[in-house]
Amino acid sequence: MSAVRERPRTDPVPRPEIERTPIDVRHIGQIERPLSGIERVWNVQIVRNLTVLVMFVVIWEAYTRIADIPPLLFPSFTDTCVAIVDAFRDHRMLAKISFTLTSLLTGYAVGLVAAAVLVSAASIWRVWADILTTATAMFNPLPSIALLPLAMLWFGLGTFSLVFILVHSVVWAVALNAYVGFQGVSPTQRMIGHNYGLRGVMFAIKILIPAALATVLSGMKIGWAFAWRTMIGAELVFGATARGGGLGWHIFENSELLNIRQVFAGLFMIILIGVLVEYAIFRTVELRTVRRWGMQR
Amino acid sequence: MAASAAAAAIEAPIPEGAPILEVQGVTLQYKTREHLITATYRVDFSVYPADRFVLLGPSGCGKSTLLKGVAGFMKPVEGEMRLKGRRIAAPGPDRVMVFQEFDQLLPWKTVRQNITFALRNGGRCSRESDADEIAMSYIRKVKLGGFENTYPHMLSGGMKQRVAIARGMAMEPDILLMDEPFASLDALTRRQMQEELLGLWEETRFTVLFVTHSIEEALLVGSRILVLSPHPGQVKAELNANQHSHANVGSAEFTALQTRIHDMLFADRVLEDETVRRGS
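From first to last, the protein sequence lines stand for chains A and B. So the first sequence is numbered by the working numbering: it starts at 1 and just counts up by one. So the second sequence is numbered by the working numbering: it starts at 1 and just counts up by one.
It should be emphasised that the hints constitute simulated quantities derived from the structure, not laboratory data. Just to be clear, a hint being listed does not mean it is correct.
[Claimed, not checked] Here are a few chain B residues that face chain A, going by a calculated C-beta distance under 7 Å:
1. Phe-45
2. Thr-110
3. Asn-121
4. Gly-122
5. Cys-125
6. Glu-128
7. Leu-155
8. Gly-158
[As the list claims (entries may be wrong)] No farther apart than 20 Å at their CA atoms in a straight line, the calculated lysine to aspartate or glutamate pairs in the DMTMM-like style are these:
9. B:Lys-141 with B:Asp-44
10. A:Lys-206 with B:Asp-132
11. A:Lys-221 with A:Asp-130
12. B:Lys-75 with B:Asp-103
13. B:Lys-109 with A:Glu-286
14. B:Lys-109 with B:Glu-133
15. B:Lys-141 with B:Glu-78
16. A:Lys-206 with B:Asp-103
17. B:Lys-236 with B:Asp-263
18. B:Lys-75 with B:Asp-44
19. A:Lys-206 with B:Glu-128
20. B:Lys-109 with B:Glu-80
On a predicted model such as this, the values are computed, not experimentally measured, just so you know. Cβ coordinates follow ideal geometry from the N, Cα and C atoms, glycine included.
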């Protein structure tokens, strides 16, 4: 009839009351124990990451040796290391890296400044917020490489074209993340800022940016990754610009010559720089800011 | 700008026996996505120096909105609010707010930096060393000595609220605005914090406007209680509660006042229920 089942009405069982005196702490033994050396070393993030890295290298080396892959197609780790040394000696690797990094950093820096201006405007005037969100929706999915032919037509075969498309690849990702981060800043913290007399730019610098730093940083990371892809992609597709080639050009040139070891060397350098930037810069900044402040774990 | 306003306030002391805060016929409205909500309707009250003035009412009576109005975060659509005779138009460091939320402490600043940040930006100190000194003395006042270099996420809820109170008091505002500051604390910590707040008041005799929905807390903390009816908030009564403290909780007098306020607030509920029943 009814889905609700009748439960028998029981009273709680009457029991005597209990009172105890806690025994002396000295009799309990271990209450706090320092972690062992191994446990502590394993708790260091970099140690765990390095272990993973070493594992990859071992698998790579073992695979190429056991399966007896021709080095022309898939050089081993040791071959690649030798190739990298060769690259620095015979292939002007340092100059190539510095060319790539210079263009990359210029584009990235200009992109960050542009994003900062856009987001500041968007958080002050509503029209700019609309412009920013619409522009982001339009341009974020547009690959920068697709703009390179146009950029070269307009600005010629130079660094300027590269910087132009790099800025395009950075600005939208960074601006979008920062803007979303700013919108997520708690109303309480906003009121605290206003209560103590902060307005306009000082409010953004002292409240919005630190409060949204986790998202701002993640936007900067995404922007950095986009910039790298754009940079290498541009060099691969269009070869060296008038002033000389970078890492992408190194890969392209050597693949044309079927010098696969040098292709690997180029790829390996890109990975190495990426890992270095991730750990030496982004991770360090995170450790000293958002993690230290308990805003990210 | 804020600093000069605060300085002007210090230069012009209010006359003896005059209220520090006057709220006259204040109607506050705010918009949600679908509704325009009238939070308070023509509320009047005056706060005098060294008052522990409590705004008491059930949720939806607009007491927090009223506090935000006094803080300058909302403009009244009708009536006006004056602090020391000057009309309240914008937020400023002469009225410091202490919130219920734990994130009112800036997580990127240590306990001490949270206080010096307020002192420096609020225009109370221009030198970092002065700000440091004041901050440390208030940190000791709220019994957090030794925690000055700790980041807020390492602190317990009660400790966070202590820092927020220290920050508010360090500013030495004309009036301290507290928006249910102990509501998210556990009962034991809450009681301890109420006693500590009263201890601090005993020491420095600041003026505080305190919002709560707990009748007991209103009686314990307040020297005068403004009882508000719900939705929209209107003044039901203004009562004296100076004689009550933790010492006489449960006494006949205490319970009588508690019941009186309870009935005042509960009367609305009954009426509302009846109209609903008649309507249906």
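Evaluation of the provided hints:
no.: 1; hint: Phe-45; verdict: violated (22 Å)
no.: 2; hint: Thr-110; verdict: violated (10 Å)
no.: 3; hint: Asn-121; verdict: holds (4 Å)
no.: 4; hint: Gly-122; verdict: holds (4 Å)
no.: 5; hint: Cys-125; verdict: violated (12 Å)
no.: 6; hint: Glu-128; verdict: violated (15 Å)
no.: 7; hint: Leu-155; verdict: violated (10 Å)
no.: 8; hint: Gly-158; verdict: violated (17 Å)
no.: 9; hint: B:Lys-141 with B:Asp-44; verdict: violated (34 Å)
no.: 10; hint: A:Lys-206 with B:Asp-132; verdict: holds (19 Å)
no.: 11; hint: A:Lys-221 with A:Asp-130; verdict: violated (24 Å)
no.: 12; hint: B:Lys-75 with B:Asp-103; verdict: violated (25 Å)
no.: 13; hint: B:Lys-109 with A:Glu-286; verdict: holds (15 Å)
no.: 14; hint: B:Lys-109 with B:Glu-133; verdict: holds (17 Å)
no.: 15; hint: B:Lys-141 with B:Glu-78; verdict: violated (40 Å)
no.: 16; hint: A:Lys-206 with B:Asp-103; verdict: holds (15 Å)
no.: 17; hint: B:Lys-236 with B:Asp-263; verdict: holds (11 Å)
no.: 18; hint: B:Lys-75 with B:Asp-44; verdict: holds (15 Å)
no.: 19; hint: A:Lys-206 with B:Glu-128; verdict: holds (16 Å)
no.: 20; hint: B:Lys-109 with B:Glu-80; verdict: violated (36 Å)
Of the numbered hints stated above, those contradicted by the structure are hints 1, 2, 5, 6, 7, 8, 9, 11, 12, 15, 20, listed in ascending order.
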